[in-house]
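> Residue numbers (the working numbering), protein chains in the order written: chain C, 1 to 111; chain P, 112 to 227.
Quick caveat, the hints were computed from the structure, so don't treat them as lab data.
Positions of the beta carbon are idealized from the N, C-alpha and C atoms, including for glycine.
Just so you know, not all the hints are guaranteed correct.
Claimed, not checked - In silico lysine-lysine, BS3-like type, Cα no more than 30 Å apart, as pairs:
#, chain 1, residue 1, chain 2, residue 2
1, C, Lys-52, C, Lys-69
2, C, Lys-52, P, Lys-135
3, C, Lys-103, P, Lys-179
4, C, Lys-3, C, Lys-52
5, C, Lys-54, C, Lys-69
6, C, Lys-103, P, Lys-189
7, P, Lys-135, C, Lys-103
8, C, Lys-103, C, Lys-54
9, C, Lys-3, C, Lys-54
10, P, Lys-135, P, Lys-179
11, C, Lys-103, C, Lys-3
12, P, Lys-135, P, Lys-189
Stated by the list, open to error - Derived contacts from chain P toward chain C, CB cut-off under 8 Å, selection only:
#, residue
13, Leu-154
14, Leu-156
15, Leu-157
16, Asn-163
17, Asp-174
18, Ala-178
19, Ala-183
20, Phe-185
21, Phe-202
22, Gly-219
Chain residues, written in single-letter form:
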Amino acid sequence: LAKTTQPISMDSYEGQEVNITCSHNNIATNDYITWYQQFPSQGPRFIIQGYKTKVTNEVASLFIPADRKSSTLSLPRVSLSDTAVYYCLVGDRLGNTPLVFGKGTRLSVIA
Amino acid sequence: DAGVIQSPRHEVTEMGQEVTLRCKPISGHDYLFWYRQTMMRGLELLIYFNNNVPIDDSGMPEDRFSAKMPNASFSTLKIQPSEPRDSAVYFCASSEWQSQNTGELFFGEGSRLTVL
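Use the sequences and the hints to build the structure in full.
As structure tokens, this is what we get:
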């Protein structure tokens, strides 16, 4: 399984853009990169998924360089409600590799 | 759809007692996962099923833990006997994995277990 490494915690002020980088040096050809968000007392929730280049949805953007050995989750203009733990996962979405969660990055947004 | 439904939401029990956690996956999903979350170890995959068949139970910590999926709409995670170190939040998740979609995991709200 491709191992991921991401910062344990980050702090940000409201209104700022937050970028969380994840390293996955041994990502396989068939692997996709998926990010989840977890609020206290809730289960994780899917945010975004990508394979290469850039993916954007209503919540976030995901930047993946050509070598795919890392990825960056970008949250535009964060608010207090974005305070959560963010997990980067790498896996084959065809079902051959179950998704393994690491410790995640605890983002604290400050007013 | 109501999403993944877990019960009970909270359980407090004494060491040595049997604990049964229940999960109803989203209808039509063919994968079901059981995770355990603690501060020390984070979110750990315990076991997962495909079409009601256990595929990988290598994450189950010991023989005290067992999981079943008798049909497509119900799964149980049982701990017998329970120990204080089993205290954690147990999450159930389901997914419909096809090449056309993201393989997104849908999580329940979790069952918080406290073993005294």
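> Please go over all the hints and tell whether each is borne out by the structure.
Hints versus structure:
{"no.": "1", "hint": "Lys-52(C) x Lys-69(C)", "verdict": "10 Å, holds"}
{"no.": "2", "hint": "Lys-52(C) x Lys-135(P)", "verdict": "34 Å, violated"}
{"no.": "3", "hint": "Lys-103(C) x Lys-179(P)", "verdict": "27 Å, holds"}
{"no.": "4", "hint": "Lys-3(C) x Lys-52(C)", "verdict": "18 Å, holds"}
{"no.": "5", "hint": "Lys-54(C) x Lys-69(C)", "verdict": "14 Å, holds"}
{"no.": "6", "hint": "Lys-103(C) x Lys-189(P)", "verdict": "25 Å, holds"}
{"no.": "7", "hint": "Lys-135(P) x Lys-103(C)", "verdict": "26 Å, holds"}
{"no.": "8", "hint": "Lys-103(C) x Lys-54(C)", "verdict": "24 Å, holds"}
{"no.": "9", "hint": "Lys-3(C) x Lys-54(C)", "verdict": "21 Å, holds"}
{"no.": "10", "hint": "Lys-135(P) x Lys-179(P)", "verdict": "12 Å, holds"}
{"no.": "11", "hint": "Lys-103(C) x Lys-3(C)", "verdict": "12 Å, holds"}
{"no.": "12", "hint": "Lys-135(P) x Lys-189(P)", "verdict": "15 Å, holds"}
{"no.": "13", "hint": "Leu-154", "verdict": "4 Å, holds"}
{"no.": "14", "hint": "Leu-156", "verdict": "6 Å, holds"}
{"no.": "15", "hint": "Leu-157", "verdict": "11 Å, violated"}
{"no.": "16", "hint": "Asn-163", "verdict": "15 Å, violated"}
{"no.": "17", "hint": "Asp-174", "verdict": "22 Å, violated"}
{"no.": "18", "hint": "Ala-178", "verdict": "14 Å, violated"}
{"no.": "19", "hint": "Ala-183", "verdict": "16 Å, violated"}
{"no.": "20", "hint": "Phe-185", "verdict": "18 Å, violated"}
{"no.": "21", "hint": "Phe-202", "verdict": "5 Å, holds"}
{"no.": "22", "hint": "Gly-219", "verdict": "6 Å, holds"}
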